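2 protein chains.
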Amino acid sequence: MVNKLENVPEILLMGPGPSCVHPEVYKALAVSTLGHMDPVFLDIMDSIKELTQIILNTKNRCTVPMSGTGSAGMETCFVNLIEKGDKVLILENGVFGRRMIDVATRLGAEVDSLSFKWGTPVIVEDVAKKLKEKDYSLLAVVHAETSTGVRNPAAEIGALLKGKDTLYLLDTVTSMGGIEIRMDDWGVDALYSGSQKCLSCPPGIAPVSFSERAVKKLLDRKTKVPNWYLDLSMIIHYWEGAKRVYHHTAPINMLYAMYQALAIVVDEGLDNTYRRHMDNHKLLVKGLEEMGLKILVEEKYRLPELNSVIVPEGVDEAAVRARLLSEFKIEIGAGLGDLAGKIWRIGLMGYTSSPENVTAVLKALKACISK
Amino acid sequence: MVNKLENVPEILLMGPGPSCVHPEVYKALAVSTLGHMDPVFLDIMDSIKELTQIILNTKNRCTVPMSGTGSAGMETCFVNLIEKGDKVLILENGVFGRRMIDVATRLGAEVDSLSFKWGTPVIVEDVAKKLKEKDYSLLAVVHAETSTGVRNPAAEIGALLKGKDTLYLLDTVTSMGGIEIRMDDWGVDALYSGSQKCLSCPPGIAPVSFSERAVKKLLDRKTKVPNWYLDLSMIIHYWEGAKRVYHHTAPINMLYAMYQALAIVVDEGLDNTYRRHMDNHKLLVKGLEEMGLKILVEEKYRLPELNSVIVPEGVDEAAVRARLLSEFKIEIGAGLGDLAGKIWRIGLMGYTSSPENVTAVLKALKACISK
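Those protein sequences? They're chains A and B, same order as listed. In terms of my numbering, the first sequence opens at residue 1 and continues consecutively. In terms of my numbering, the second sequence opens at residue 1 and continues consecutively.
Hints in this document: simulated from the structure, not taken from any laboratory. Wrong hints could be hidden among the right ones.
Identical copies carry no separate label here, and so any pair may be met within one copy or between two of them.
Mimicking EDC-like on lysine to aspartate or glutamate, the simulated pairs with C-alpha atoms at most 16 Å apart in a straight line are [claimed, not checked]:
| no. | residue 1 | residue 2 |
| --- | --- | --- |
| 1 | K216 | D267 |
| 2 | K4 | D267 |
| 3 | K87 | E317 |
| 4 | K59 | D185 |
| 5 | K4 | E50 |
| 6 | K224 | D102 |
| 7 | K4 | D38 |
Everything numeric in this text was worked out from a predicted model, so none of it was measured.
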């Protein structure tokens, strides 16, 4: 039988994720598989938790890498924290905010949403007004909206909730490891992320962290979590305590990769990592502007790790992406939802974020647009 | 920082899974990550589907590796096929049958269960009687009960449902690749499995297959699937058709590993694979009996890939397992639930199933029991 894996090309992944995987993370993936109750593996699990806490700036004991991709992280937070009829406010300015509305509605929440123009951030004053009208048991927002390249004001939204009973849920799929997250300082009660963005690990793991308040809400539920696989009230007993209780077989090798990926970020130093992301972002924007291209998002709300570029009139955006991939072995992303056909998304996430890669994508894009 | 991955020992995994990973599968894990919409990756996805269909003996178009472990496969089947108030019959003779009851109940099904003594198979006549009393929209059973080592009569149970509207759901986590599965011939409507048993791939992927009848039930639902992440009605549009629709970012490298693992089984030939499992099982049982040990399950219901051994009186079962692991680098499993402390579970799954490994575990077990 032909082995199709022999023909997998090496692609420079500069889309919205997955990003390029760090060479040490590839090595970690192929480390000998251990049993999910092996003491050596349990020790690695402890380190995964500690490294995650460092990057998120949290002391939360309930900090667990869920066995699924970023969307499983979203599902985890909602299914554990919502009961039928709970009043939920979702701030939406992109595909992933919209997905939150879908997830929460399916779970029987009474969902209100505040929408903002895609490509612009959440307006904090509008949220403050909405919070005066009604009491919510949970407010959710995306920190780094992957579909638009916008950074939402996560700290400011958190400040509005101070002293309230409303739980604060933050999507950090595209922010973790790329821009600062201060979970405890911002008053975030629940947070999820993904392995395949600024952590430079393949997709498949979703870090989740719950504050003491969120854990209390979970343990005080009137009904069982309607999702056995993602029930954190059981999963925490596998991730902490002297006696670990088996829940489901953990994805051992993906967790090795996650351990390695988190360690690389912490070893580089968080400030250094964020500075590198910002420097390469500025280099990219400068080059794009020199080519006459425009960025969708206003400067102060831009994500350094995800750059939305407006497709110039008369340019076939799909043809440019196809040529970048086939001729230059560079992948960039298309627009999603309301922005389909209107933007490209250029990722500078984790290991991908280097001056060399910025130069490569600028050169290739120039060649593809000019004819 | 100390890299804990450098200290991971090579363990002979002879427990209930994960099993030893095939060397080619380790290589596959570390192949360059592609984007989830890359045409080369989409082509590998097609092969994963075809190889899965071959091993399951099914023509089902809806054959998809879910982005989670085996338990996510269980969750997927129930959450897509059950609506609140549906009448479900679950046949239970072990931990995983019991887990099905929990999963289905959380989803609001009206669950009846028929329990059988752990270590013995489902009695087909009892099921026939139960089916005469009431109409069920779904009947579920575990094919290879990992907690006991029992093979349930999947074909015979399927025959009882012929001509009925009841959907037939089968757990094949520990059977896939170890014993024959004839999904279409047995009338199975929905099935899930796991990557880390007889497929010799690390944990993290759950193959799922739905018959046309199951897909119709899914598409005719009155309510949306209350789990966005596992909603097959959306996920199938990523796995088939000319235009693939993004749902969530697929776990690329785990899917490479799954492709490789499935290809190895198909390359060996299904009959050869099953014969190898049976031959090594017989070798193990012979050796265990020569040591005076007894197998929990009656001969004709034994799983070749999972052998439940009764712990002899006066032997500290946990101490034996600990010594096997530390001194001989061999992992075997403990009993679960009702069988905790009473049995060991010795897996001979996939790549682990070889005469050399049988010899190794027999020799080590002898040494650990004798003093």
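Which hints from the list above does the structure break, by number from lowest to highest? 1 and 3
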